[in-house]
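As a plain string of letters, each chain reads:
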Amino acid sequence: MSASAPSIEPVAPSGAAGARARRTGPYRPASWNTVGLLLVVPYALLFLLFVLYPVLYGFSLARDPQSYVRLWQDPVFGNAVLNSALFLLVVVNIKFVLALFLSGFFVHERWWIRILAVLFILPWAVPSIPTILSFRFMLNPEWGIINTLYFNLTALDGPNWLNDRWIAFSMAGMVHIWKSLPFWTLILVTGRLAISKDLYEAASVDGASRWQQFRHITWPSIATLYITCTLLSMIWTLGDFNSVYLLTGGGPSDLTHVLATLGIRYLRLDQVDMAMATIVVATPLVLPLMVYMMKRLSRGPGED
Amino acid sequence: MRRLMNEAGLWLIGIPVFLWTVLPLYHMMLFALSTKDSAFSGKLWPQPATLRNFEIVLSQQHHYLGNFWAQLGSSVLIAAATGVLTLTVATAAAFAISRLRVRGGRWVMNAALFTYFIPAAFLAVPMYKTMGLYGLLNNRWAMIIAMVTLASPYAIWVLKQASDKLPVELDEAAIMDGATAMQLFRLVYLPLMVPSLVAIGVYAVLLAWNEYLYAFLLLSDEREITLAVALGLFLSADDSPWELLMATGVLYALPPAAIYYAFKRYMVSGLTAGAVKS
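So the sequences go chain by chain: G and F.
Each residue of the first sequence is one higher than the one before, counting from 1 in our numbering.
Each residue of the second sequence is one higher than the one before, counting from 1001 in our numbering.
Think of the hints as simulated: they come from the structure by calculation, not from any bench.
Backbone N, C-alpha and C fix where the C-beta goes; we use that ideal spot for every residue, glycine too.
Any given hint could turn out to be false.
Sample of chain F residues at the chain G side, in silico, Cβ under 10 Å [said to hold, decoys possible]:
no. : residue
1   : Val1017
2   : Val1022
3   : Ala1090
4   : Ala1096
5   : Asn1110
6   : Leu1113
7   : Val1148
8   : Ala1181
9   : Glu1211
10  : Tyr1212
11  : Phe1216
12  : Pro1256
13  : Val1268
When you get a sec, could you build the whole thing from the sequences and use the hints?
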């Protein structure tokens, strides 16, 4: 696969000299560079005005040390850090193990699996708000369909799903997985399909078990992809506002907040310095991931 | 025998996957098709099934839904504008970086990747403040710009990947023929990029249509908010008409699903290209 992919100039300064020779390539008229500059202007403006400036301005709003003291004193903050960490480390990893497993299921060629794959993508394609509210209604302790069924079967009252910290948090994790599992499964399916079938046939002839095939063929081929995607998903999951806000609203008693919902709550309360402080606190968590990912994605496939 | 076990195993995975995927969506439909009494009785299918909720939504007969059509229009406008602008901005940038090899192109690419890796809810806070400084709050342009900002990085990334795959001989031939850069763009580049452009257009439209948080922060006029924000407003009361909320939700969720399926064959190959590469 990587042999057919074109080389891409590395972004790291160390590779710049070697890259320059490749970049120059065939002769290009000077006018092309002028046109090129004009063509990148719209995006450059967008980036400067709506990303770089806001980010710098935001950080400048969070420079008062007092904000961090107040943040530390807010009892919700500690829980939000813990919940965010659990989301990143536990929920994302569960999601990826599931995605890895299901990608192995979806590569089977069956007519009904093809139909199922078409349906499976729906949670990702449709908007969060109606589907997460649908979950929320299902979990309503009094009239939700789950507790009604439970009552009909056992004559007992079901749990008060969203009123217990850990059940509510698990449900938010479940909603997050429901929503983003299809996308990552699809990516891993594409990764698996790129593996040559000959390898599996040869392994079959040699009498390799399914586990051995996974261990020695599938995993080595998609490990990099798997890890890249996991890290990427961790970064984005930190910014997942909907799964918690729409399902639990941060409740019960603000125990299921994550950093994203807490930051937005401060913003809504017009405490921008606190909102930004919350984000600044999360920066050490994401920055290494961001730097690593930028290096990964801007590097050519041949250099892996 | 072993084959049979294999098939059974597949079904054993397939059935739970089906239920898991469909259950919340089915539940949404169930609510939307039920009368108020039946919706809250925990029945597994609507008894009696009714289209009355949809009728109420479409004729704006409930005070929560007084501006349904205006809000639908707002969603359409924002999604369409985001699609068009993202395509314009990202195609221009990807062409300049990949084909014209503009100086400083890799910095633009790095800026795009940097934006791509900022968690969305985190960028929302400073962006909201900045939109206030620019005097754009409560203006649909703020929402459109925010969505183009969020959609462009991935769009540029995917388009650059696709465009790097076009043979370099194309440029050489164009130079030989004395073509200008814009002629190369219009006559050679755009026609070859159509599949990726479709995928990116759909991606941007879906992103903007589905967005809740940014719309909720940036828009507040009742007639300008998107359907997502309008659905969120139902949550402000405990005794909201949930069956109407779900009916509105179904109407809101159908267009993106339909658009996705209509362009499905472009989507998978187009959007996963960038990801699988690494």
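Which hints, by number, does the structure contradict?
none
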